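Enquirer: The lines below spell out each chain.
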Amino acid sequence: MASWELQAVVVEHRQRAPNQYELILHAPPIAQTAQPGQYVLVRPMETLAPLWRRPYSILRANPDKGVISIFYSVQSQFTELLSLKPLGSQMSVLGPLGHGFQREQGVQRHILVAGGFGAPPLSFFASRLVSALSPDEQILILAGARRRDLLVGLDEFRALGAEVRIATEDGSQGYAGRVTDLLSEALCEPLPSAVYACGPNRMLQMVCEICLVGRVPCQVSVETPMPCGVGACLGCAVKVRAPNGAIWYKRACTDGPVFRAEEVDWE
Amino acid sequence: MASWELQAVVVEHRQRAPNQYELILHAPPIAQTAQPGQYVLVRPMETLAPLWRRPYSILRANPDKGVISIFYSVQSQFTELLSLKPLGSQMSVLGPLGHGFQREQGVQRHILVAGGFGAPPLSFFASRLVSALSPDEQILILAGARRRDLLVGLDEFRALGAEVRIATEDGSQGYAGRVTDLLSEALCEPLPSAVYACGPNRMLQMVCEICLVGRVPCQVSVETPMPCGVGACLGCAVKVRAPNGAIWYKRACTDGPVFRAEEVDWE
Amino acid sequence: MSRPDLSVNLGQLRLPNPIMVASGTFGYGLEYERLVDLNQLGALVVRSLTLRPQVGNAPLRLAETPAGMLNAIGLQNEGVEAFILETLPRLRAYSVPLIVSIAGESPEEYAQVAERLQRTSGLAGLELNLACPSPSHRAFDTAPQLTAEVVRAVRQTTDLPLFAKLSANGGDLVPIAQSAVEAGADGLTLIHSVAGLAVNPHTRRFRLASRVGHLTGPAIKPIALCAVWQVRQALPEVPLIGVGGITSLDDVLEFLLVGATAVQVGTGNYLCATLSTDLVGALTDYLTQNEIGTVRELVGAVRDVM
Amino acid sequence: MSRPDLSVNLGQLRLPNPIMVASGTFGYGLEYERLVDLNQLGALVVRSLTLRPQVGNAPLRLAETPAGMLNAIGLQNEGVEAFILETLPRLRAYSVPLIVSIAGESPEEYAQVAERLQRTSGLAGLELNLACPSPSHRAFDTAPQLTAEVVRAVRQTTDLPLFAKLSANGGDLVPIAQSAVEAGADGLTLIHSVAGLAVNPHTRRFRLASRVGHLTGPAIKPIALCAVWQVRQALPEVPLIGVGGITSLDDVLEFLLVGATAVQVGTGNYLCATLSTDLVGALTDYLTQNEIGTVRELVGAVRDVM
Ligand SMILES: Cc1cc2nc3c(=O)[nH]c(=O)nc-3n(C[C@H](O)[C@H](O)[C@H](O)COP(=O)(O)OP(=O)(O)OC[C@H]3O[C@@H](n4cnc5c(N)ncnc54)[C@H](O)[C@@H]3O)c2cc1C
Ligand SMILES: Cc1cc2nc3c(=O)[nH]c(=O)nc-3n(C[C@H](O)[C@H](O)[C@H](O)COP(=O)(O)OP(=O)(O)OC[C@H]3O[C@@H](n4cnc5c(N)ncnc54)[C@H](O)[C@@H]3O)c2cc1C
Ligand SMILES: Cc1cc2nc3c(=O)[nH]c(=O)nc-3n(C[C@H](O)[C@H](O)[C@H](O)COP(=O)(O)O)c2cc1C
Ligand SMILES: Cc1cc2nc3c(=O)[nH]c(=O)nc-3n(C[C@H](O)[C@H](O)[C@H](O)COP(=O)(O)O)c2cc1C
Ligand code: FES
Ligand code: FES
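In the order they appear, the protein sequences are chains Z, B, P and X.
Count along the first sequence starting at 1, add 149, and that's the number in our numbering.
Count along the second sequence starting at 1, add 149, and that's the number in our numbering.
Count along the third sequence starting at 1, add 3, and that's the number in our numbering.
Count along the fourth sequence starting at 1, add 3, and that's the number in our numbering.
Read the hints as simulated data drawn from the structure, not as lab findings.
Among the clues, some could well be false.
So, partial list: chain X residues that the calculated Cβ filter (under 7 Å) puts toward chain B [claimed, not checked]:
1. Gly59
2. Ile76
3. Ala212
4. Val283
5. Gly284
Simulated pairs of lysine to aspartate or glutamate, DMTMM-like, Cα-Cα distance not exceeding 25 Å [stated by the list, open to error]:
6. B/Lys234 x Z/Asp304
7. Z/Lys234 x P/Asp307
8. B/Lys399 x X/Glu240
9. Z/Lys399 x P/Glu84
10. Z/Lys234 x P/Glu36
11. Z/Lys399 x P/Asp307
12. B/Lys399 x X/Glu84
13. B/Lys399 x X/Glu81
14. B/Lys388 x P/Asp307
15. B/Lys234 x X/Glu67
16. B/Lys399 x X/Asp307
17. Z/Lys388 x X/Asp307
18. Z/Lys214 x Z/Glu358
19. Z/Lys399 x X/Glu111
20. B/Lys388 x X/Asp307
21. B/Lys399 x P/Glu36
22. Z/Lys234 x B/Glu416
23. B/Lys234 x Z/Glu229
24. Z/Lys388 x P/Asp307
25. Z/Lys399 x P/Glu36
26. Z/Lys399 x P/Glu89
27. Z/Lys234 x B/Glu171
28. B/Lys214 x X/Asp307
29. B/Lys399 x Z/Asp304
Predicted model, so just to flag it, every value in this text is computed and none were measured.
All residues carry an ideal CB built from backbone N, CA and C; glycine is no exception.
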């Protein structure tokens, strides 16, 4: 798949919730080819610390307008710098990168499990799914976070008309507990389902375990550092296991970030 | 002299000319004690590259409002970060630091020689001089830069009612040539004068030579890197020569940045 | 003014320009082929190859540090045989000078890989990765006689231009550099990296599975410049390739001025995928604007402050 | 929960907390006395003193590098005699443990300074700056026997707690550390700095009059952590003081976790004048919040990734 290294222009930058920002970038070739689950590497400024570009999932891509958007929260210096980018400024962007979510065939329910900032790629995926959904298919969103204010992207999910179930660990919104509890519950409902998940790695590990036990097709988008994004540095290694038990390392940046549940060896 | 390490709040941040910015900071103790020629060390963000805080001359200090202002241009990453500081944000400031300009006694004309971004401390100095000027004293400003758009602080100087003479190396405004030519010319006029200069070190060296030859009292504010600002690191060494010819190193940050012309050994 | 001459000679090896990409940071080059015009590079150094395929270290393999990064990839590579059969044919589509980096656990292993490469065509040179890939491995760049053993063993198997790549962990680099040259290296690549370590204070665990890793990136640039300059003082005739922390034209100039004839871009590739070829353009512009006829004028041209 | 215990022991020397300021970066301490409550520090290490006053190197003495800096101050100091007569009396007004750093051109010079300091009162310990102050000087931390000579000479003149401070330029630090301890050092300060160099590409001149300088700051933190950890593995009983690139509580924790009993803040003082005492506060809060009774629990407590 092709990607582009370009200077993207900030065409919109807005706060969507306390410490949740959407950044819209003019980057036509990326907008035209981006697929759900793919990401971009961005570098807001030329400072050398923080050094690496960071990966951000593509939240939306509008091929006509030539824009993509990403969704982030300020966590540390990198995202602080990102948040200061003014309208009209430029930043270096490489993308679209990686292999995204693939629609599973022959299922009636697509369950999207979003943990915190796992929501953006699933939101993009849901929007593309919706437009291709057959009458007997439905989408179920399970969104979880530690606290209510850390929930991400609910507006987008709701706008799609999908059912959304919410879990917060502190009970401040929806079910009080883990989003993986909602998943187990949902999988008890007798509908052939497929699961697509993005969130913290330990959540993904639980999602994988639940789906493997239930023999539910499952794809997860993993998080690792990704300095190069193109498969060159071999730093983003993900341990995988072949059916015959052989072990080696795949690259999260290009072989993933989306992997099939049965591939990943979480140890 | 006392200084303070504090978190100052940005209360105003405005562009004054293409690539010239004034930043007004709420920093009451600094505002109350700042003297012309003193400076502050600022750190716009917590990023580790660029690493050092940079020194900025205090352009104005308003003890009543508790604010100081600095004047800068975007030259590199540090000043780019500085320029992004939004209203209401905080930044670490240490100051006021160093020994500033001292009014020379028994002269009729105070000649202030400003090269480019040498203007801010002289502007502050002029404003304090004006209010203490005796009827037979006058202030003459000589402002120079390479090009017209690199001239700094002319508005402030003119607002004081002082005479301002301008030199640009490319002749785009005022005299076509160096500001030191204006100085030589001014010193030919038969008025007991004192000179106060700030600007690039090679300009200062010429100013010193002119004044030493003409036996005109002269103070210059030198530029060196100043990581600590308090005399601890000994990195800002300025070579000085005692009347007896002995050579050693003074600290620009605390012994200066303003030195007497006869002290500095420019080699 | 006419177009400046960017070509440089590393001993017998002539490069169209002095900007190379550093081993291991650019994969086999093919990972970047759609983003970077490989033919514009001075040379392409592929990741270090070993005699047999290596799965590499367990994650975590990377950590970010102030203006730098630690890596402990553990030489993950397909092995020299697969490289020759599967990867090299695709690389032959490009005209860029191709340098293959070799690693091994013994002088014999290095020599076997070199010998295998000697029997193929289309290579411009070999680079010997003499640094320690992980704490359990042996480093060959920490003592003159170890370095010499590897270089000598390889030299006997090949007449390809041979560059010994050293880290700066072995104390005074000069005797090590000297012994590499005496053992037959045509030039030296300085520096590989510096040993470093990082801890995640929140989990209280090492950030790398291997604990110790290779520190690279802008943070080590002053160390790499110092190494190049010190070796240049001692061995003024030996072609040096400078590497460590290059992210800008200014960085390239710094390395040339202290005596590197060519440079390699490593970590910098991650700040901008096209950095290496962008630098070729920037260097060309710089020479043109400053009316410098050949880049070779800059090599070693640094002067004292006063 | 009760207030956590921040005190640490470096051999016989007990410090109220593990946060010291590093030699040469904090002057004589007095430069900061109006900004920093010196009595809150774990210890104050003054700039290195020599037998006779030193004017220091010509400018330029400093250069900024990515997340680091180079210095070549050349040991500018008033000499041990003036220090004792003029500066020490003012420092005695403070209760902070005072450590004097010593430098010299020969083991005898070190010993003479130590001997003079031994005859005064109010010192908590001595630190031996064994790094090379400039290219023309000799470094005593590049070979075990050189290190041992200095430490032994000093040990014979004083019973003050003695710390040998080493840079990481001498290759494998372990044998050097070992010889310092065998020669009588009570502990080790790791690391002084790393040799580095920078060029101004616009003027094509070295950025330092001395050409080579000392690289310090966050850039070298991974190198310093690696040094502390490697020496700790080899010499688990020897008290180590970690230094290099500390600018945050996380950095302090990293050094403690790899085995430093105390740490020094150097370049970090320039990012915030009150950094060192701010860190004492931050460390106290951290211990309280995590219900850690004593900071000593953290020393060497790093674990593997898995
Ligand atoms: C494929 C992929 C897609 C991604 N998509 C998105 C996205 O769409 N939106 C998004 O916001 N991010 C996304 N990320 C993550 C993103 O790349 C950054 O890692 C994130 O923005 C944090 O950036 P930072 O540099 O500011 O924080 P960093 O400096 O990288 O810090 C990383 C984290 O460590 C945390 N940390 C610090 N102290 C502690 C402590 N005491 N305990 C525990 N943790 C601590 C920091 O708070 C921070 O959360 C994605 C990552 C990948 C791999
Ligand atoms: C006491 C004192 C007071 C000061 N007061 C002020 C003040 O009031 N206002 C102000 O703006 N500055 C002032 N300065 C200077 C200020 O501290 C910074 O040095 C300045 O803002 C540049 O910051 P920077 O980090 O962005 O540039 P840096 O990264 O420090 O770069 C320094 C300079 O090198 C230049 N440079 C880069 N490439 C080239 C080249 N090819 N040829 C020549 N030069 C090149 C950069 O453009 C820049 O001008 C003062 C300095 C001192 C010592
Ligand atoms: C991810 C990564 C992998 C590397 N792999 C190798 C390698 O296989 N062989 C080698 O000789 N050097 C390897 N290096 C070292 C680089 O070639 C280079 O010497 C080093 O990164 C310093 O240059 P830089 O600061 O520009 O990155 C690797 C560096 C990185 C960052
Ligand atoms: C300006 C400056 C001066 C220094 N002078 C000395 C010195 O006199 N003696 C000494 O042992 N170390 C000296 N050092 C080294 C520091 O004590 C410390 O080891 C080093 O800076 C690494 O720590 P840091 O990264 O926190 O700065 C100096 C460092 C700097 C930056
Ligand atoms: S990020 Fe470099 S190989 Fe995946
Ligand atoms: S800036 Fe540190 S002594 Fe002057």
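Enquirer: Indicate, hint by hint, whether the structure satisfies it.
Expert: Against the structure, the hints:
1. Gly59: Hint on X/Gly59: holds, closest Cβ of chain B at ~6 Å, below 7 Å.
2. Ile76: With a closest approach of 5 Å, the X/Ile76 hint holds.
3. Ala212: Check failed: Cβ of X/Ala212 comes no nearer than 10 Å to chain B, outside 7 Å.
4. Val283: Where the cut-off is 7 Å and the nearest Cβ of chain B is about 15 Å from X/Val283, the hint is violated.
5. Gly284: violated, 14 Å
6. B/Lys234 x Z/Asp304: Between B/Lys234 and Z/Asp304 the Cα gap is close to 31 Å, so the pair fails against 25 Å, i.e. violated.
7. Z/Lys234 x P/Asp307: violated, 40 Å
8. B/Lys399 x X/Glu240: Not OK: B/Lys399 and X/Glu240 at ~44 Å, beyond 25 Å, violated.
9. Z/Lys399 x P/Glu84: Status holds; Cα separation ~21 Å.
10. Z/Lys234 x P/Glu36: violated, 31 Å
11. Z/Lys399 x P/Asp307: violated, 50 Å
12. B/Lys399 x X/Glu84: With a Cα-Cα distance of about 21 Å, the restraint between B/Lys399 and X/Glu84 holds, given a limit of 25 Å.
13. B/Lys399 x X/Glu81: holds, 13 Å
14. B/Lys388 x P/Asp307: holds, 18 Å
15. B/Lys234 x X/Glu67: Within the cut-off at roughly 23 Å; holds.
16. B/Lys399 x X/Asp307: Given that 25 Å is the threshold and the Cα spacing comes to 50 Å, the pair is violated.
17. Z/Lys388 x X/Asp307: holds, 17 Å
18. Z/Lys214 x Z/Glu358: Judged against 25 Å, a Cα distance of about 41 Å means the pair is violated.
19. Z/Lys399 x X/Glu111: Not satisfied, since the Cα-Cα distance of roughly 60 Å exceeds 25 Å.
20. B/Lys388 x X/Asp307: Since the Cα atoms of B/Lys388 and X/Asp307 sit roughly 52 Å apart, the hinted pair is violated (cutoff 25 Å).
21. B/Lys399 x P/Glu36: violated, 56 Å
22. Z/Lys234 x B/Glu416: Violated, at about 45 Å.
23. B/Lys234 x Z/Glu229: holds, 11 Å
24. Z/Lys388 x P/Asp307: Given pair Z/Lys388, P/Asp307 is violated - Cα atoms ~52 Å apart, limit 25 Å.
25. Z/Lys399 x P/Glu36: This hinted pair holds, its Cα atoms lying about 20 Å apart.
26. Z/Lys399 x P/Glu89: holds, 18 Å
27. Z/Lys234 x B/Glu171: Roughly 20 Å separates the two Cα atoms, so the pair holds.
28. B/Lys214 x X/Asp307: violated, 55 Å
29. B/Lys399 x Z/Asp304: Status violated; Cα separation ~63 Å.
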